[in-house]
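Novice: Each chain is listed here by its residues.
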Amino acid sequence: MTGKTPIAGNIPLKGSRTSLVCLAVILTAMPMLVGDFLRVFIAEIFIWGLFAMSFAMVYGYGGMLSFAQAVFFGAGCYGFNLGTFYFHFGTWGAILSAVAAALLFSVPVGFLATRVKQHHFLLVTVIVSVLITTTLSSGHWRWIAGPFVTRSLTFVPELSLGLVTLSFIDTTVTYYFTIAMVALAFGLAWLMVHSPFGSALIAIRDNERRAQLVGLNVNTLRWMMFIAAAGVAGYSGALYALLARYTSLSFWDWTYSGQAVVMAIIGGAGSLVGPFLGTAFYMIVTEHLSRYFQQFIIIFGVIMLIIIRYAPEGLWGLILRGYKTVAGVRA
Amino acid sequence: MSDLVVILVMNGFVWGLIVALIALGLSIIFGLLDIINVAHGDFFMVGTVLAWTIILVTGNFWLAFLVVPLLGFAIGAFLERWVMRPIENSAELSIVATFGLSLIFQEVVRATFGATPKRILDPIGITIPILSLDYQVYRLFAAAVSVIAMAAFFLFLHKTKFGTWMRAVRQDRETAVALGVPANRVFIMTFAIGTALAMLGGVVAAPITTVDFRLGLDVLPLCFMAVIIGGLGNLPGTAAAATLLAVMEGFIISFAEPTTARIISLLLMCVVLLVRPQGIFARRAK
Chain A
1 MTGKTPIAGN
11 IPLKGSRTSL
21 VCLAVILTAM
31 PMLVGDFLRV
41 FIAEIFIWGL
51 FAMSFAMVYG
61 YGGMLSFAQA
71 VFFGAGCYGF
81 NLGTFYFHFG
91 TWGAILSAVA
101 AALLFSVPVG
111 FLATRVKQHH
121 FLLVTVIVSV
131 LITTTLSSGH
141 WRWIAGPFVT
151 RSLTFVPELS
161 LGLVTLSFID
171 TTVTYYFTIA
181 MVALAFGLAW
191 LMVHSPFGSA
201 LIAIRDNERR
211 AQLVGLNVNT
221 LRWMMFIAAA
231 GVAGYSGALY
241 ALLARYTSLS
251 FWDWTYSGQA
261 VVMAIIGGAG
271 SLVGPFLGTA
281 FYMIVTEHLS
291 RYFQQFIIIF
301 GVIMLIIIRY
311 APEGLWGLIL
321 RGYKTVAGVR
331 A
Chain B
1001 MSDLVVILVM
1011 NGFVWGLIVA
1021 LIALGLSIIF
1031 GLLDIINVAH
1041 GDFFMVGTVL
1051 AWTIILVTGN
1061 FWLAFLVVPL
1071 LGFAIGAFLE
1081 RWVMRPIENS
1091 AELSIVATFG
1101 LSLIFQEVVR
1111 ATFGATPKRI
1121 LDPIGITIPI
1131 LSLDYQVYRL
1141 FAAAVSVIAM
1151 AAFFLFLHKT
1161 KFGTWMRAVR
1171 QDRETAVALG
1181 VPANRVFIMT
1191 FAIGTALAML
1201 GGVVAAPITT
1211 VDFRLGLDVL
1221 PLCFMAVIIG
1231 GLGNLPGTAA
1241 AATLLAVMEG
1251 FIISFAEPTT
1261 ARIISLLLMC
1271 VVLLVRPQGI
1281 FARRAK
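Residue numbers (this note's numbering), protein chains in the order written: chain A, 1 to 331; chain B, 1001 to 1286.
Watch out, some of these pointers could steer you wrong.
Unchecked claim - Here are the computed distance ranges between Cβ atoms for each label pair:
#1 Gly93/A / Asp1134/B: 57 to 63 Å
#2 Ile1128/B / Val302/A: 46 to 52 Å
#3 Arg209/A / Arg1119/B: 49 to 55 Å
#4 Arg245/A / Pro1086/B: 40 to 46 Å
#5 Ser167/A / Asn1089/B: 51 to 57 Å
#6 Ile1148/B / Arg245/A: 52 to 58 Å
#7 Lys1118/B / Asn219/A: 44 to 50 Å
#8 Val116/A / Pro1182/B: 32 to 38 Å
As the list claims (entries may be wrong) - Over the 10 Å line for every Cβ pair with chain B, so calculated as not near, a few chain A residues:
#9 Tyr59
#10 Trp92
#11 Arg115
#12 Leu131
#13 Ala180
#14 Met192
#15 Ser195
#16 Phe197
#17 Ser199
#18 Gly215
#19 Val285
#20 Ile298
#21 Phe300
#22 Gly322
Everything labelled a hint here was simulated from the structure, so no lab data went into it. All C-beta atoms in this analysis are idealised placements derived from N, C-alpha and C, irrespective of residue type, glycine included.
Taking the hints into account, I'd like the entire structure generated from these sequences.
Specialist: Structure below.
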């Protein structure tokens, strides 16, 4: 009700198709230009960007400040690893089992959390995250995480594409696979938020009582968005488990949700592109700052405060605003 | 065995009173300013670190009881005026902003104080026998300080003009402003007092816990639990819930793992949030 995050992604821009093609060309050409390290680094930006985007889906579009995204990311990581370990799934099956694991958590959590409003919603998500992390890391329940409490994947997964089977030992394969999978998820999410379903959610976010009077089932719609975003978070967790071949119980912790919040807010949580931009900014700056200054997070805290104060629509909003000013001057 | 239970329940009681003191700050900030202060645990943590620093610089722990709450008051006033005030119309952004503050506090402490946990020695250093075991006198002293601070705060709230203003703004902001209550001053004062209470809690708790930049993350869920189970904005309820919760955890720890105790209280809180979001002590919604 009070949350008025400006929506930045909805304005159809004249050059958007051209820039999309340019981006696709650049991303396709990238592995030929850079080495192993940068390939993995770029792929990682896209994975964490997708994770931040899942937060933007619940917060920017659903108006729900969720700190439970990390639970679903963790569920995705473990869903992937345990799928390969217990059921000997291939890459595709393991990704499906990761998403299924995330959904398994999100259905009850979302059901409970969307019953309550605003502040209580935040608290329920934080409490549930703490509850799940505490349970998983306590002695009695460690077996759930099985052999992957801190260990990494012991084999290199392979990707079967009907006729050919590619190995993820090749970073080029990993790179293209990750980018393609992220693009797929982004496309689906984009279709979702621009569907009548997405419009209904924006209506709820902007004025809940009016949306209710119009006849929207507020709780169910928010619940569905929560589940969809959890699915995306779990999916990004699976991609991470595949890329890094490493998982840790700390991925469940709500401080990771906090990281998604930071990245999404910096980039602009009111759009789907913003979180990717925020993540890229966060990770590139982190990569450089951490060499000189260990406590670089302080700077992000300050940047976040400045952005909330002066540009609540984030970096992407600033870019759009600048673009419109320039285009307006030209026209 | 039964002696151990008594000691653990007593420890729980003392810790509960300290948490009540911290949670009181969280509760008034929420009740008046409508801010869920995610950085509140870090205010507490800064309190413990400042206590440690004061011992390091002056060698006198008791000085911290005077200096740290004053510093907390100043920090809180500054944050309200320059960070929270500009975004007061959006509850969600204010949560995100306090989250940013939390990151800044933690990392500043890590950069200056260091990442390794440190301990403060028992400043009284006397134990008294309770049943068959020795009990630190400092813990009893800590409980007493918490009770006195809370009593003083309630007296302030009910016996002074400023306290009346604060209660008036909490009840009905617009009417209070219309009747001439200087709302902005009340807001600054509230945030400052809330911060001071959390930092005082930090000083009181410093010799009992370890001093660590991650301490806030442990305390924050406890405070939230107290505030929620006691009812958001319900001050006596918050204090009672904090004490009850800690005693309960202390009792459970005597026969089960600490994590089990924490899991039980978290589950309890989930139930309260979903069934009685107004808290278990609320008579009726205001």
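Novice: Does each hint hold? Answer for all of them.
Specialist: Status of the hints after comparison with the structure:
For the hinted restraint 57 to 63 Å between glycine 93/A and aspartate 1134/B, the CB-CB distance of approximately 60 Å keeps it satisfied. A C-beta distance of roughly 48 Å is found between isoleucine 1128/B and valine 302/A, which places it inside the suggested range of 46 to 52 Å. One distance hint, 49 to 55 Å for the beta-carbon pair arginine 209/A and arginine 1119/B, holds here, with the actual separation near 53 Å. The hint said 40 to 46 Å for the Cβ distance between arginine 245/A and proline 1086/B, and at roughly 45 Å that hint holds.
A C-beta distance of roughly 54 Å is found between serine 167/A and asparagine 1089/B, which places it inside the suggested range of 51 to 57 Å. In this structure, isoleucine 1148/B and arginine 245/A meet the distance hint of 52 to 58 Å, their C-beta atoms being roughly 56 Å apart. Restraint check, lysine 1118/B to asparagine 219/A: a C-beta distance of roughly 48 Å satisfies the suggested window 44 to 50 Å. At about 34 Å, the CB distance of valine 116/A to proline 1182/B agrees with the hint of 32 to 38 Å.
The beta carbon of tyrosine 59/A is not kept farther than 10 Å from every beta carbon of chain B, the shortest such distance being approximately 8 Å. Consistency note on tryptophan 92/A: stated as away from chain B, and its beta-carbon is indeed over 10 Å from all of that chain's, at 35 Å minimum. In this structure arginine 115/A is not separated from chain B by more than 10 Å, as the shortest Cβ-Cβ distance comes to only about 6 Å. Listed as a non-interface residue, leucine 131/A fails to keep its Cβ farther than 10 Å from every Cβ of chain B; the least gap is roughly 4 Å.
A cut-off of 10 Å between C-beta atoms confirms that alanine 180/A is not in contact with chain B; the least separation is 32 Å. Annotated as non-interface, methionine 192/A keeps its C-beta farther than 10 Å from every C-beta of chain B; the closest such distance is 22 Å. Non-interface call for serine 195/A relative to chain B: holds, since the shortest CB-CB distance, roughly 24 Å, exceeds 10 Å. The beta carbon of phenylalanine 197/A sits about 22 Å from the closest Cβ of chain B, which is more than 10 Å, so the claim that it is off the interface holds.
Every CB of chain B is more than 10 Å from the CB of serine 199/A (nearest about 20 Å), matching its label as outside the interface. Annotated as non-interface, glycine 215/A keeps its C-beta farther than 10 Å from every C-beta of chain B; the closest such distance is 25 Å. Even its closest Cβ contact with chain B, about 14 Å, leaves valine 285/A beyond 10 Å, as expected for a residue assigned away from the interface. The non-interface label for isoleucine 298/A is inconsistent with chain B: the shortest C-beta to C-beta separation is roughly 4 Å, within 10 Å.
With a closest Cβ-Cβ approach of about 7 Å to chain B, phenylalanine 300/A is found to fall inside the 10 Å limit, against its non-interface label. No Cβ of chain B comes within 10 Å of the Cβ of glycine 322/A; the nearest lies about 22 Å off, and the non-interface call holds.
Comparing the model with each numbered hint stated earlier shows that hints 9, 11, 12, 20, 21 do not hold.
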